[in-house]
Amino acid sequence: MATLRVENLWMEYGAQTVLERVNLDVADGAFCALVGASGCGKSTFLRLLLSQERPTRGTILMDGQPLPQDPGPDRGVVFQRYSVFPHLNAVQNVALALEIARAPGLGRLFGKARRAALSEAEVMLADVGLGHACGHYPAELSGGMQQRLAIAQALARKPRILLLDEPFGALDPGTRTQMHGLISRLWRETGMTVFMVTHDIREAFALGTRVLVFDKTRHDPQAPGAYGATITYDLPVDRSTSKVPSASEEKSAP
Amino acid sequence: MATLRVENLWMEYGAQTVLERVNLDVADGAFCALVGASGCGKSTFLRLLLSQERPTRGTILMDGQPLPQDPGPDRGVVFQRYSVFPHLNAVQNVALALEIARAPGLGRLFGKARRAALSEAEVMLADVGLGHACGHYPAELSGGMQQRLAIAQALARKPRILLLDEPFGALDPGTRTQMHGLISRLWRETGMTVFMVTHDIREAFALGTRVLVFDKTRHDPQAPGAYGATITYDLPVDRSTSKVPSASEEKSAP
Amino acid sequence: MRRLINLRPSRQGTFFLGALPFAIVLVIYFVFSSLRLAENPADKLMPAFSTMGEAIVRVAAEPEQRSGTIVLWADTGASLVRLALGLGIATAIGLVFGILNGLIVYARVTLAPFVGVLSMVPPMALLPILFIMLGLEETSKVALIVIGVAPYLMRDLALRVEELPGEQLVKAQTLGASTWVIVARVVLPQILPRLIDGLRLSLGPAWLFLIAAEAIASTEGLGYRIFLMRRYMAMDVILPYVAWITFLAAISDWVLVQISRRAFGWAHLGRGA
Amino acid sequence: MRRLINLRPSRQGTFFLGALPFAIVLVIYFVFSSLRLAENPADKLMPAFSTMGEAIVRVAAEPEQRSGTIVLWADTGASLVRLALGLGIATAIGLVFGILNGLIVYARVTLAPFVGVLSMVPPMALLPILFIMLGLEETSKVALIVIGVAPYLMRDLALRVEELPGEQLVKAQTLGASTWVIVARVVLPQILPRLIDGLRLSLGPAWLFLIAAEAIASTEGLGYRIFLMRRYMAMDVILPYVAWITFLAAISDWVLVQISRRAFGWAHLGRGA
Amino acid sequence: AGGPAEAATKTSFKVAWTIYAGWMPWGYAVDQGIVKKWADKYGISIDMVQMNDYIESINQYTAGSLDGVLAANMDALTIPAVGGVDTTSLINGDFSNGNDGILMKTGKTVADLKGAKVNLVELSVSHYLLARALESASLSERDVKTVNTSDADFIAAYGTGDVQAMVAWNPALSDLKTRKDANLVFDSSKIPGEIIDIAIVNTATLKDNPALGKALVGAWFEVLSIMQKNDAAGIAARTAMAKASGTDLAGYESQLATTRMFYTPAEAVAFTKSPQLPETMKRVRDFSFSHGLLGNGAKSADVVGMEFPGGVVVGDPKNIKLRFDLTFVEMAAAGKL
Ligand SMILES: Nc1ncnc2c1ncn2[C@@H]1O[C@H](COP(=O)(O)OP(=O)(O)OP(=O)(O)O)[C@@H](O)[C@H]1O
Ligand SMILES: Nc1ncnc2c1ncn2[C@@H]1O[C@H](COP(=O)(O)OP(=O)(O)OP(=O)(O)O)[C@@H](O)[C@H]1O
Ligand SMILES: [Mg+2]
Ligand SMILES: [Mg+2]
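Protein chains in written order, with the working numbering: chain A, 1 to 254; chain B, 255 to 508; chain C, 509 to 781; chain D, 782 to 1054; chain E, 1055 to 1391.
No lab work stands behind these hints: they were computed from the structure. Be careful, since some hints might not be right.
In silico DSBU-like links for lysine-lysine, alpha-carbon gap of 35 angstroms or less [what the hints assert, rightly or not]:
#, chain 1, residue 1, chain 2, residue 2
1, E, Lys1336, D, Lys825
2, E, Lys1336, E, Lys1171
3, D, Lys825, E, Lys1283
4, E, Lys1171, D, Lys825
Construct the complete structure from the given sequences, taking the supplied hints into account.
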């Protein structure tokens, strides 16, 4: 639903270079899986795509236009943490996305419209396996449940680009397979462009149409912060011939 | 280094039953991998083993004695979150464990002893791949780096029982393999008893000597909180004949 | 041996321990009062409980000769109205500017230094200017409370707004929320419990400013009565009045806690949640 | 269009915007002062800046005949000593009891209700008792500041200690930390930045109580001078004194912020970290 | 605290003074070492502390943390004496002869006060002055509405539209009188000798330590003799007092003009012995009783007794708590100090 083009992107925190010379062209409707060592800058890259931070150098173009300077509903996100609102219970968290979409002025629906939003939200929660926890507050949910809630919330707004930061890290294989199915289905249905950070290479190849590997090409042992990571491998996944077992097969592995 | 016996354990939060009729006998030096659906009560079970919470019914015996009522240095832990101290940088976080061990009264070392502790801490950080991030505060570390820091900190105290709550969830496969090696080595060297929650069944079978599966045996669709989970499968792992690929093989999978 | 931080007293223990310091203070008062009264039965400083009891009956049950009103209730009514107005206005100001300063950098750089300096001005010293601007009647009393309390609430709430995880604000924006919607649906509901905490911490200062204001020009009010009674050191009236003010403040505090528990249950779901 | 919450002004913009409200207030004062002086050249309420300037020279540069001291510096010295003592003691008390009440349930149930009620007692109403117990000299002035500020610091810090994630306390215990070590190495270092925040919010009240105490029994001090001048409504001295107090308080505030930045860098590493 | 209760002989004493035209000589006496000189002479030490808050100084005296204090006659009766502290008036220093006055914005006479709102310090000598003024116009307190107003804010308060009439005292009074919208309708010169400023000390302390009385009286009349003169020393003294009270020489002298100081011991003796004093105190006492100032439980105006020179007693002779004593002033008059 949107193309993305990254040109010679650099990101530095003070003296520490996190990303350098990142170049990328992503077609409409691609599913990019981002992998790389812990701490190499994957979350930072997502923050840049989100306009949460500004690159020190380089540009990002969305549909040929410079990226808007603010985050917006065109790009949805599931963060590693703090992704849900602690003062709203599960169903309210998801309904909030619908309420803002339908009443951008007030950010609040009333009466019938509100009840409709709440019951839609309940359906979406059931989709991510939280049907029984609608009334729970985030503090009452386990880590994996919070993550699933965040996914439901981000999907509710049907963004053109979806950014996922290790969304399935805290899920058991059963639930994870279910979530894989859900994400794949929604991706196919809506045609949105997805960026997903994951540490599970299997998952990256199972879901992605492209796997982007972040790594440092230069290294100075005396100054570990001197050089940043970049995209070292950009692997297209040809699903028909892929030899990697699909996510649903994994369940029966042991 | 310690045996553990759980007898008819129940845990309820108000009307919600989380765990019911849990019985378990763990031999000295066992490595138990805990798996189960998200939200089924694995973290809760660890909290009980830690004396962070008290079971509503049932008893836990350690080496034949009732579990101490307080958490103590005999049982180390890596939580899902909030496991490190935000006001100490990486090396100070690890050194703190050494300082408390060596100066239980003040919790603080001085002069040569302090410098020794700091350089030991640096070695341990290098072990978990954080050698270059010694001076960073937790807020400056990525999610996976924080988790590795927490592991180094917990291991520094050499506990008799180690409780790990999804310790490797946020790690890339390379680092993860490294951490597997580290944990296995330390487990063999110290003979400690380990409980590790994981969603990676492969990992469970690769590391564990026993895999404990938590699940509900009864289910009331009208009242999802009425029944709790228990240990439904208790699988011994015979490493010599295991057909599951070992963790280090996984790296070359794609 | 168990660690101190893990010990929890029983229900009765809680009640007994909580009552202990109060009992100790009462006993100390009783001892010193008795000693003084044994020396000088007309001592004004630490009257006997019985003397205070009589004084309470006089102010709380018997109408005053001159005006025909019952002094304590008239005073209480007048003071509470001023207090409610003052705190209400201060809360509104604190909330609006707290959110503004905490959330919007432009507002912060414009207002924060000024509010910071303003909160350091000793309000009492500027009373003459306040009078000329607002007159001697209710307005200036309410204004003194507002001036005394609002800067604190404002700064405290701004700090709390700044503490909200940045991820939440970004997340709200990715759901399409405008600044206004972020305020209404993300920021405001999350700082309301803190507003209540701030209000609780402001009750003491608010009473302080109320009493100071009533000392300046008034015909009724709890602070007025205390200052009038100070004219001839009638501690038998002053002490019950002080106790009454403390009681009223403690009750308000309790009510605020209850409101917070009921309305913002999510904020009390346990540490660090 | 960009959202308000994402906009950041430039360096110059920040300075200019911050100075704006001060400039506006000065202009308003100048206009009203001129209007009043045009009507009555002897008006005392809003003296011209030149009149204040003369008064400042008088108190800040010319030694007083009687004692040979320069009034402003003598007053400032006396007040600052009292303030420093009062705030120092209040901080110590606040820290000790804040940690105790926040961390140890037994301490909390024993002391929290009492401290809660104590913080509601209007300190001014108990001044006579304070002066009698502690004498008319420095002790009672310092004590008033302590009584005024300590309960707030205590409650605020206790709330903060309670907010620490329970996981941290458990984690520390699994490292073998005793209650004392937890206090020294986990709790104390984490609430020190908050203590500084609390101190900053207490500066205003501390000055207030100092001035109140100096207004009753004193022969020097900034509050004493203001009170003395109030009888004549010598605003040409009072206003510069108020400005001076405000300046001193604002400087202390700034110093505290700098200390916090330098010493507790980790606490300023960005939102929600 | 080592209060006067444990009287007996002691050698150090604490006396408080507050800033007021008639009491500034005390401050000057302290600065010039005159108090120390006299105390040394009698082998004692006297700590003259300055307090800003007049009422607080009297409360401190009543509570026992001071041995003596300066007070108005009415406050000496209603606070320490009613509080069971046997009190002796050591020196009748002066009486207000225009230092207290009633100002109106529109009215011209006391009769115009009818129906007006009057700002004043309630239950103080101002209140007494108002009562006497109303009496002189056959009005009662019911005909006005009193608003308690802090004395520190007289000037600022008068400047607001909310004030119709005000009872004030110096220095605020002289400042307010210069306003165009201030008519003086009554002042204390119309009731001369009724608002008296006295130095009071604890009777038991004084009895056990006559040296205290001698030293205070001696110091007082020495300062008065200096400041009274128009020579360089006198002007310097008055200038210093002016400065200490926050004004200049002219301002201070205008305040002194409305204060009838008893500059010599003889004048003080004559005033204290006159039969007018018991009459005045009786009036003050009746006013206090009707306003509940003799203790809220007081059954009659006679609960507290007052003793005057020559054995005259007003009120309960078995409960004498306020004594106008001339022993020491007479010693001064006779030059025996
Ligand atoms: N605000 C910041 N200030 C300074 N350094 C930062 C900041 N945020 C991140 N970093 C640094 O940038 C680097 C990349 O962090 P990032 O969170 O993007 O890693 P990541 O690839 O997401 O790792 P993980 O897989 O563990 O989540 C890290 O070395 C981190 O220390
Ligand atoms: N303090 C609490 N109050 C009420 N319910 C709670 C509390 N803590 C946990 N629960 C509930 O207990 C159940 C088990 O939670 P727990 O955190 O143990 O799950 P988990 O197995 O660790 O899940 P995950 O794999 O997602 O981390 C959840 O349904 C949760 O809602
Ligand atoms: Mg990351
Ligand atoms: Mg868990």
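Checklist entry - Between E/Lys1171 and D/Lys825, is the straight-line Cα distance small enough, at 35 angstroms or below? => result Roughly 25 angstroms separates the two Cα atoms, so the pair holds.
Item to check | E/Lys1336 paired with E/Lys1171 [C-alpha distance capped at 35 angstroms] | outcome: 28 angstroms, holds
Next on the checklist: Need the status of pair D/Lys825, E/Lys1283: alpha-carbon distance at most 35 angstroms?
Outcome noted: 33 angstroms, holds
Checklist entry - Is E/Lys1336 within 35 angstroms of D/Lys825, Cα to Cα? => result Violated. E/Lys1336 to D/Lys825 sits at ~41 angstroms, over the 35 angstroms cutoff.
Hint violations for this structure: number 1 only, all remaining hints satisfied.
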